[in-house]
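A.B. asks: Here is how the chains run, residue by residue.
Protein chains: 2
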Amino acid sequence: MDDKTRYEELCTQVRETALLQSTAALLEWDQQTGLPAKADEYRCQQMTFLAGEIHRRNTDPKLGEALEQLSDSELVADPESDAATVVRNLKREFDRNVRVPADLVKELAKATSAGHNIWVKARKEDDFASFAPTLQNIIALSQQKADAIGFEDCRYDALLDEYEPGAKTAEVDQVLGGLRDALVPLIDQLKGSETQPSGKMLHRSYPINAQKEFAREASEKIGFDYSRGRLDETHHPFCTEIGPHDCRILTRYDESFFSAGFFGTLHEAGHGMYEQGLRSDQHGLPTGRYCSLGIHESQSRLWENLVGRSYAFWKHFYPVAQQRFPQSLGDQSLDDFFAAINVVEPSLIRVEADEATYNLHIIIRFELERDLIDGTLAVDDLADAWNAKYESSLGIIPPSFADGVLQDVHWSAGLFGYFPTYSLGNLYASQFFAAAQAECGDLAKPFANGEFSELKKWLNERVHHHGQSYSSPELAKKVTGQALSHDALITDLRNKLLPVYGL
Amino acid sequence: MDDKTRYEELCTQVRETALLQSTAALLEWDQQTGLPAKADEYRCQQMTFLAGEIHRRNTDPKLGEALEQLSDSELVADPESDAATVVRNLKREFDRNVRVPADLVKELAKATSAGHNIWVKARKEDDFASFAPTLQNIIALSQQKADAIGFEDCRYDALLDEYEPGAKTAEVDQVLGGLRDALVPLIDQLKGSETQPSGKMLHRSYPINAQKEFAREASEKIGFDYSRGRLDETHHPFCTEIGPHDCRILTRYDESFFSAGFFGTLHEAGHGMYEQGLRSDQHGLPTGRYCSLGIHESQSRLWENLVGRSYAFWKHFYPVAQQRFPQSLGDQSLDDFFAAINVVEPSLIRVEADEATYNLHIIIRFELERDLIDGTLAVDDLADAWNAKYESSLGIIPPSFADGVLQDVHWSAGLFGYFPTYSLGNLYASQFFAAAQAECGDLAKPFANGEFSELKKWLNERVHHHGQSYSSPELAKKVTGQALSHDALITDLRNKLLPVYGL
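Chains as they are written, first to last, in numbering that gives the first Met the number 0: chain R, 0 to 502; chain Z, 0 to 502.
Next comes chain R alone, as it looks inside the complex (with noise of 0.2 Å):
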């Protein structure tokens, strides 16, 4: 066989691996939008099978022989080509998929599923000890996939590279600590200001039903595509994709409070807008596959905070909003409520922190994470860890456990490592955006008549063509011709927050 024939071959195999893939995907859609009460079991036995046959597809020693010869192979000279880009991230994939054994696999699919269930119900018990005992499983099994999966410098390299690949825990904690040396500063400079705008308008009633319609037109009129997509509610929303022209994003409403639901579908249309940008007859390649969760996290708050809490956005949107929700926004002038939608407060839950102390709740799970696969952290000493970094970086402890250590799904699912991607993606948003401002010009004129086209497009040809071309950092590079750092994100929120402040 020669290489262009090994290469269609393994091209075919990898996307009917994705049509399997997607259809996981559908499985765990409808779980989360509409599953009778009494069908989860089976469901569960149908989404263990299928990613049973996925991962069987993903460690076919077939698959690495081809990998292997192809990667010597003419076809890959040129590394910024696509038969390169496949190999190369194929093989990036396989050579992970193929040192974690079957079992441990396995193992961590039981324990994850089982954790999920024990930490629901510690949460709302508010009872950490009972949760303790699972997640000290969870984090033995991924120290042993750590080790299984082998690493230079840290062991949680080895986990951070799953979400975000190349990325090292040493680089990502300079970073973070320099945004962290950056932020608190900022936020306590807002804090001790005199004039101290209120969120309290955003907290009056939103019929769920305008607020449906609302996100509906703004997520279009941004760019999301609905003959390619679709918008349903959820608990816990997500970005989800089913095919190559099928993009689901979800979110949830709050009767009495206006964010969640408006700043949380832009969100999730970033997301969607990422994955309708991408090359879509590259579907199931790493041609046609997003760079990274960091690189993901950026599209969705480049949409929801640099757009959709831009001034810009509102001058086109507020008079919409207004219509839309008379009782709870006729009175209030456009400066008090862009003001209030950009309240800066240290607070306990992650999820509804705002966008300059969100950072900080990362940067906190990130530490203690790194340092519970790294075992200089012990699970027994968690709950206080987490508390005494609350307390130095916000300033705040939480009252309960709920508020505090167990009000994330991620360590009970065995995502260690993800964190650190939210945070990353907030600086590539900011690099980006500088970057698009600065090639098509002040993008606030366009946003203000409600024009998003040429961001968009830009997006598109900048970042999202690329697919797995680029790791992150080369991609950042290539885009913004910079390293990553935190100049541009501390730029934004200084330049939008400080006059929000009176400062």
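By construction, these hints were calculated from the structure, which means they are not laboratory data.
All values derive from a computational prediction rather than experimental measurement.
Keep in mind that the hints are not guaranteed to be accurate.
The list treats identical chains as one, so a pair stands whether inside a single copy or across any two.
Restricting the straight-line Cα-Cα distance to at most 20 Å, the calculated cross-link-like pairs of lysine to aspartate or glutamate (EDC-like) are [said to hold, decoys possible]:
(1) Lys37 / Asp224
(2) Lys456 / Asp280
(3) Lys37 / Glu219
(4) Lys388 / Asp373
Chain R is already provided as a structure; the job is to place chain Z on it using the hints.
C.D. replies: Chain Z in isolation, oriented as in the chain R frame:
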């Protein structure tokens, strides 16, 4: 390996295939309920891939060997045992499956997939000639399939067997012929009566939301379990099974026609209650699968017509209906409403036909498709043959292809052998219902009180619970003591319709 272990491995293997089949069912359900406009092509790829995997598993030579060895085992000595039911039915299916060459399966899938769109267009444009070559090809492939499967008397037997295992064309011809001979004079008698009830009130305005609530209420009341299922809207109503506790019924509502949504929902709920009545611990095995399409249809028709169009049913539900639709039913008596939902009138469209004339539509299709498959009727003569039969059986000639030979999806989908199961279902329904009344006593009394659990329980125990332990004729004999005949249906129709027509 001993037979017990072999049997257990067989069951595991088959249950795994069922995981894929139920996942494929979700792909289809989702396609029919909310697929984004541009996602159809990839959805077809997903479904084709899964169908291929399922076919591969179903024709795995190892499966054949295991079935061959188990067929002679002591495990299956008692033909009514679970093991015997499982092995016998799986062997029958396996033997069918391996006889059809994989290439032919693919060609048929391709032809019917393309054929669907061509049919949709042809029906829209009322152009039979543009569909004829496609139909010719699908028939030729279906003939090849029948020849590959093999038959004794009649080529159509081989296709009929897929939907109604063990049924023979000659027997179906005889029983449906007898049904026609009894129906035609009854319909004539009704037509000639001085009393002619009117169905006009059913075409008043019925707000969709009120219809939805009423359909949901009634379907729940008769026994469809919403903790193990759901009800959604679609263009072409159906019932599908996504797992042992996940049965989904789909219906459509017409604002200006009460019957479409309401009786359509009862019909699908009847299918759904059959699925919900199967042994859930046997899910995926023949012991937990429906007996035949005829028996499936008997359950939908029983609840739709024998229960849902009975006077007792409306004694309970009519006051509710009047409350829900005060504008359309407030001024109408129960007796007039009951007459309206039981009007008999020859018409052109099968799916809109009344309980009596419906069977004439089916008999026409059965005779035509039998002859098409036999080769004694040419596609070029099909439209004329269709119209001639409508004239002689129903006294009307379709004014267009769309209202005639192009009205049904079945042939474009290659579903030859499917139509007769609709009328077999009507026959079985009346036989079962008579047996239920003979054993439980007059069911009109509990119905008039909104009590349907006794009938549901009887069906669960006497019909549903058996899965594929018996063939449909065996099941009918066991449950009713009688062979399949048109007597019970004609008795039901006469008892209800003659009084409605003042006879």
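A.B. asks: Hints first: check each against the structure and report whether it holds.
C.D. replies: Verification of the supplied hints:
no.: 1; hint: Lys37 / Asp224; result: between (34 Å within a copy, 10 Å between copies)
no.: 2; hint: Lys456 / Asp280; result: within (18 Å within a copy, 53 Å between copies)
no.: 3; hint: Lys37 / Glu219; result: between (35 Å within a copy, 16 Å between copies)
no.: 4; hint: Lys388 / Asp373; result: within (18 Å within a copy, 81 Å between copies)
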